[in-house]
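From just these sequences and the hints, can you work out the full model?
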Amino acid sequence: MKKESLFTATFIINTLISFLFYIVFYVLTSSIGTYAMEELHQSTVISLSLSSIFVIGALIGRVWTGIFITRIGMKKLLYVGGIIFLVLTLGYYTTTNIPLLFIIRIIQGMGFGIGATASGTIAGYTVPASRRGEGIGYYALSVTLAAAVGPALSISIYSSPLGFNGLLALALTLLILTFALIFFVRVTELSKEEVHEAMLNTPKGLDKYIEKSALPISFIAFLAGFIDSAILTGMGPFTSFLHISTAGSLFFTLYAILIFLSRPLTGRIFDTKGDNWVFHPVFIFFAISMLFVGLAGFMGTGAAFIMLLIAGGTFGLGYGGVAPFGQAIAIREARKDRIGVATSTFFGFLDLGVGGGPIILGAIIPMLGQGMVGFRNLYLYSAPAVVIVWIIYYLIHGKKQSQTHVA
Numbered sequence: 014m015k016k017e018s019l020f021t022a023t024f025i026i027n028t029l030i031s032f033l034f035y036i037v038f039y040v041l042t043s044s045i046g047t048y049a050m051e052e053l054h055q056s057t058v059i060s061l062s063l064s065s066i067f068v069i070g071a072l073i074g075r076v077w078t079g080i081f082i083t084r085i086g087m088k089k090l091l092y093v094g095g096i097i098f099l100v101l102t103l104g105y106y107t108t109t110n111i112p113l114l115f116i117i118r119i120i121q122g123m124g125f126g127i128g129a130t131a132s133g134t135i136a137g138y139t140v141p142a143s144r145r146g147e148g149i150g151y152y153a154l155s156v157t158l159a160a161a162v163g164p165a166l167s168i169s170i171y172s173s174p175l176g177f178n179g180l181l182a183l184a185l186t187l188l189i190l191t192f193a194l195i196f197f198v199r200v201t202e203l204s205k206e207e208v209h210e211a212m213l214n215t216p217k218g219l220d221k222y223i224e225k226s227a228l229p230i231s232f233i234a235f236l237a238g239f240i241d242s243a244i245l246t247g248m249g250p251f252t253s254f255l256h257i258s259t260a261g262s263l264f265f266t267l268y269a270i271l272i273f274l275s276r277p278l279t280g281r282i283f284d285t286k287g288d289n290w291v292f293h294p295v296f297i298f299f300a301i302s303m304l305f306v307g308l309a310g311f312m313g314t315g316a317a318f319i320m321l322l323i324a325g326g327t328f329g330l331g332y333g334g335v336a337p338f339g340q341a342i343a344i345r346e347a348r349k350d351r352i353g354v355a356t357s358t359f360f361g362f363l364d365l366g367v368g369g370g371p372i373i374l375g376a377i378i379p380m381l382g383q384g385m386v387g388f389r390n391l392y393l394y395s396a397p398a399v400v401i402v403w404i405i406y407y408l409i410h411g412k413k414q415s416q417t418h419v420a
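First residue of the sequence shown? That's 14 in our numbering, and the numbers climb one at a time after it.
Any given hint could turn out to be false.
Mimicking EDC-like on lysine to aspartate or glutamate, the simulated pairs with C-alpha atoms at most 20 Å apart in a straight line are [stated by the list, open to error]:
#, residue 1, residue 2
1, 88, 350
2, 225, 51
3, 89, 350
4, 225, 350
So the derived label-pair ranges between C-beta atoms look like this [unchecked claim]:
#, residue 1, residue 2, range
5, 199, 349, 13 to 23 Å
6, 115, 194, 48 to 58 Å
7, 182, 348, 42 to 52 Å
8, 253, 141, 38 to 48 Å
9, 113, 277, 20 to 30 Å
10, 313, 293, 47 to 57 Å
11, 394, 316, 19 to 29 Å
12, 199, 316, 46 to 56 Å
13, 113, 253, 44 to 54 Å
14, 89, 409, 50 to 60 Å
15, 413, 277, 20 to 30 Å
16, 18, 413, 53 to 63 Å
17, 315, 96, 48 to 58 Å
18, 108, 253, 47 to 57 Å
If you're looking for bench data, these hints aren't it; they were derived computationally from the structure.
Source: prediction; values computed, not measured.
From the three backbone atoms N, C-alpha and C, an ideal C-beta is built for every residue, glycine too.
Take a look at the structure:
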């Protein structure tokens with residue numbers, strides 16, 4: 014039997030659009046805090062809040078998109094998200110007033126949330142059901158590549174003579190390109206009859222905003238994202254304390270490389286063998302990675318450098334599988350007209366974990382020790398925390414999958 018086509022023109026263009034959305038997010042977010050501290054002379058708390066407030070806007074945008082995407086249309090909302098993202102990026106040129114910058118960041122986050130959710134929903138509609146794990150896995154590489162390239166590009170440009178204005182120029186150029194690419198997206202929207210039926214079947218109350226069938230895997234994404242935030246916010250200072258800052262950059266490089274190398278295989282395994290065949294190894298590698306990062310804190314410079322490189326690879330094999338295959342599960346469990354809500358539910362929970370984690374962990378780290386010791390202990394405790402998340406996964410989702418495959 015011939016495989017259904019996966020790499021259509023729309024799939025490739027939509028994946029590129031997702032990459033551009035996310036790389037602009039990482040380029041601006043990675044340096045906005047430093048810009049606020051160094052050039053606007055703001056406190057650490059204000060600067061970090063300016064960075065993280067974007068996530069709140071993204072969450073609002075995702076929830077709104079999930080509700081209205083069936084009646085407005087996926088491609089139209091892709092345009093809406095792109096326009097808001099583009100216009101609010103221009104807003105950075107107009108002011109250095111902190112309250113206004115907070116408003117710009119939160120509305121810009123809404124534009125990002127709308128565009129990213131619309132793109133993710135298009136991926137869910139255009140990928141063949143028989144190859145959903147493989148297809149969403151490839152689509153999610155757009156986020157992985159942006160996460161690897163964006164921060165490094167941001168730091169490099171910001172520290173050059175181009176400075177923050179150089180970052181804004183890059184962001185605007187990429188968003189204009191994104192806007193042009195949207196024109197070439199071809200997606201079959203729901204028919205008027207399907208939209209009418211979807212509106213009649215729309216749940217009331219909180220269920221209107223959240224897809225219940227996606228909640229179990231979304232909760233797992235929230236917990237995994239919370240643990241991941243320890244890496245995102247702590248790897249820089251941790252490697253600085255160890256005097257091996259280069260290892261921090263290489264950690265994320267190896268993270269991306271291992272995801273690229275493993276994705277074709279894991280995608281096929283997910284589609285043919287089932288969820289647990291992917292998620293059990295994901296949690297094993299995730300826990301090992303956190304343990305290795307913590308152990309690096311006990312080692313000399315050379316050994317710690319090597320340990321962090323190994324940890325970066327295992328992190329890619331571990332946490333790198335949570336978002337793509339979690340999204341595939343969320344979409345699979347939902348009705349066709351609720352794919353948008355399922356997508357916004359899943360990534361909303363993931364964003365809450367990644368965005369809210371630094372706030373809570375920032376208060377916890379000093380309790381675990383001073384300087385490097387606090388970060389080292391955080392990572393050591395994170396390893397058993399991953400195991401606990403693994404157990405929760407099995408109880409609320411994996412056990413049901415095991416019984417289904419046995420049957």
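For each hint, the structure was consulted:
1. 88 to 350: The given pair, whose Cα atoms are some 15 Å apart, holds under the 20 Å limit.
2. 225 to 51: violated (44 Å)
3. 89 to 350: Satisfied, since the Cα-Cα distance of roughly 16 Å is no more than 20 Å.
4. 225 to 350: OK: residue 225 and residue 350 at ~14 Å, within 20 Å.
5. 199 to 349: 13 to 23 Å: For residue 349 against residue 199, whose Cβ atoms are near 18 Å apart, the range 13 to 23 Å holds.
6. 115 to 194: 48 to 58 Å: violated (30 Å)
7. 182 to 348: 42 to 52 Å: holds (43 Å)
8. 253 to 141: 38 to 48 Å: Once the Cβ atoms are compared, 46 Å apart, the range 38 to 48 Å for residue 141 and residue 253 holds.
9. 113 to 277: 20 to 30 Å: violated (46 Å)
10. 313 to 293: 47 to 57 Å: Once the Cβ atoms are compared, 34 Å apart, the range 47 to 57 Å for residue 293 and residue 313 is violated.
11. 394 to 316: 19 to 29 Å: holds (22 Å)
12. 199 to 316: 46 to 56 Å: holds (53 Å)
13. 113 to 253: 44 to 54 Å: violated (32 Å)
14. 89 to 409: 50 to 60 Å: For residue 409 against residue 89, whose Cβ atoms are near 35 Å apart, the range 50 to 60 Å is violated.
15. 413 to 277: 20 to 30 Å: Distance hint for residue 413, residue 277 holds at roughly 27 Å.
16. 18 to 413: 53 to 63 Å: Given range 53 to 63 Å: violated, Cβ gap about 31 Å.
17. 315 to 96: 48 to 58 Å: Because 51 Å falls inside the window, the suggested range holds.
18. 108 to 253: 47 to 57 Å: Once the Cβ atoms are compared, 32 Å apart, the range 47 to 57 Å for residue 253 and residue 108 is violated.
The structure fails hints 2, 6, 9, 10, 13, 14, 16, 18 (numbered hints given earlier, in ascending order).
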